[in-house]
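Colleague: Single-letter residue listing:
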Amino acid sequence: MNRTDALDMVRESISRVIPDADIAALGLDDAFRDVLEMDSLDFLSFVEVLSELSGVRIEDEDTPRLTSLAASADFLVARAVT
Amino acid sequence: MPSLGADMDEGTLLEWLVGPGDLVHKGDPVAVVETAKSTIEVECFETGTLTELLVAPGTTVPVGTPLALIGPTAEKAEERRPVRHVPKKGKPTAPAKPAAPPETAPVPVPPVPSAARQRAHIEAGPLVRHFAEQSGVALETLHGSGPGGRVTRADVQEAAAARAAPGPPRVRATPLARRLAAELGVDLTTVRGTGKESAVRAADVRRAAPGPAAPASPAPATPVRPSVARPSAARPSEDRAAAMRQAIAGLMSRANRDIPHYYLSTTVDMAAAMNWLHEHNRQSPVGERLLPVALLIKAAALAAREVPELNGFWTDDHFSAGEGVHLGVAVSLRGGGLVAPAMRHADTLALPQLMAALKDLVTRARTGRLRGSEVSDATITVTNLGEQGVETVFGVIYPPQVALVGFGRVVDRPCAVDGLLGVRPVVTATLSADHRATDGAVGARYLTAVARLLQNPEQL
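If you read the sequences in order, they're chains A and B. Residue numbers 104 to 185, in the working numbering, belong to the letters of the first sequence in order. Residue numbers 7 to 466, in the working numbering, belong to the letters of the second sequence in order.
These aren't lab readings, by the way, just hints derived from the structure by calculation. Some hints could be false.
Simulated restraints, written as ranges between beta carbons of each label pair [stated by the list, open to error]:
#	chain 1	residue 1	chain 2	residue 2	range
1	A	Arg168	B	Arg458	32 to 40 Å
2	A	Ala128	B	Arg419	34 to 42 Å
3	B	Gly446	A	Gly158	52 to 60 Å
4	B	Arg458	A	Pro167	39 to 47 Å
5	B	Gln163	A	Met104	35 to 43 Å
6	B	Glu164	A	Arg106	14 to 22 Å
Even for Gly, the Cβ is constructed at its ideal location relative to N, Cα and C.
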């Protein structure tokens with residue numbers, strides 16, 4: 104998985120959970136959870152979708168790393184390799 | 007017009023789900039009503055034959071206004087809910103419509119019941135119905151495997167499991183589009199979205215709706231009813247936000263004026279609960295993971311059963327205990343505002359069921375499809391402001407309830423543990439209670455129970 108694919112998956116996962124979200128306006132380093140006012144249920148759904156799309160199992164302990172688009176993509180790339 | 011919460015004075019009838027001549031049963035959704043706070047499916051409180059609709063869609067009437075007349079049913083009382091789900095009226099998918107041509111009707115999956123199945127006679131015992139309700143499974147989407155097509159507990163279990171399993175990728179769509187799709191029998195996966203990021207919009211769904219937009223010809227089997235269109239424009243969102251503010255303002259002013267609140271707080275050690283939760287989540291598919299809030303809600307519900315003095319209503323200068331623990335869950339809405347629908351019999355739900363019920367309740371609260379019983383039946387309410395990062399919340403009680411439980415964020419704090427200093431996850435649990443109904447000692451007993459229950463998460 105390259106970083107571009109990973110970024111696409113992160114964006115896709117967010118927009119599935121919050122269909123009205125303006126993903127294009129979201130900066131790579133924005134804390135999307137705050138920007139989009141995702142609560143823990145939304146965030147759990149996001150993790151669910153992202154896990155499903157990427158095939159990467161995301162543990163509870165990993166979720167603090169999923170803060171921004173960039174950080175989430177980096178996480179996916181690193182985890183997919185190992 | 008039923009009172010759907012203490013803050014409601016009037017409601018707008020948006021849509022009838024039944025028509026004259028239909029058999030209706032206590033608990034059946036019969037109409038859709040818009041209040042200042044949300045759109046709600048109103049359930050019937052009588053069983054009988056609907057003889058006349060008294061209020062036309064689009065009309066706003068005060069609470070207490072009769073909406074329809076129900077006469078004693080001519081048929082055997084034993085008859086089992088033959089019209090549990092009556093076809094919605096004035097919809098292009100009227101039952102008379104012949105099978106749609108294949109290119110417009112690829113509808114393969116159960117979530118959209120076909121007109122035929124909607125009308126089908128659903129055989130299921132009360133226990134199975136209850137179980138289905140608990141599991142969030144719609145009976146009418148099931149094929150009964152029991153004798154005579156009767157729906158069995160196993161059928162429900164299977165459906166619930168299928169529902170919990172990761173489903174097909176969710177189609178991007180606006181909430182209104184989703185609701186319309188369900189109502190019009192449109193499979194969202196087949197609709198081309200024209201919205202942002204190809205999201206499906208309501209207009210796309212309308213275009214994709216099978217059949218003519220013209221009024222459908224009535225089925226021979228169904229009584230002819232005047233076609234009732236839903237008012238095309240619901241209240242604009244700004245009005246809606248203002249109305250919501252008004253409703254909250256009125257109710258909270260009354261609560262603060264009438265209820266002599268007392269407040270208690272305690273810090274609960276969450277180490278056992280969080281360890282158990284992490285272990286559970288490590289072993290579960292992502293779709294079955296639990297959030298800390300599920301444990302907190304369950305503990306709050308069980309404690310309400312232990313301390314029934316806090317579970318019920320203060321009306322006419324006395325306390326009446328609630329029948330069952332229906333836990334109101336405060337849900338903040340994206341456009342601002344708040345609703346606190348009830349999770350019915352929350353104390354009897356196993357954690358995975360409770361988690362599923364919570365997801366379902368929050369989703370429906372935000373898309374405006376709550377049931378009347380959910381918005382009016384809560385016996386005690388929980389607010390979980392941990393989401394917003396705060397540690398402590400002292401809430402205002404929802405009249406006529408007599409207690410409100412608050413949870414803050416689970417945070418790591420230095421604690422004295424067995425005579426040593428340790429870092430433990432803790433949560434601040436608070437109780438706002440009505441001093442007319444109880445005294446501090448009762449409230450203390452409640453919070454102590456919550457704290458104790460959270461020490462044995464495996465028993466929640």
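Colleague: So, for every hint listed, does it hold in this structure?
Modeller: Verification of the hints:
no.	hint	verdict
1	Arg168(A) x Arg458(B): 32 to 40 Å	35 Å, holds
2	Ala128(A) x Arg419(B): 34 to 42 Å	37 Å, holds
3	Gly446(B) x Gly158(A): 52 to 60 Å	54 Å, holds
4	Arg458(B) x Pro167(A): 39 to 47 Å	30 Å, violated
5	Gln163(B) x Met104(A): 35 to 43 Å	37 Å, holds
6	Glu164(B) x Arg106(A): 14 to 22 Å	41 Å, violated
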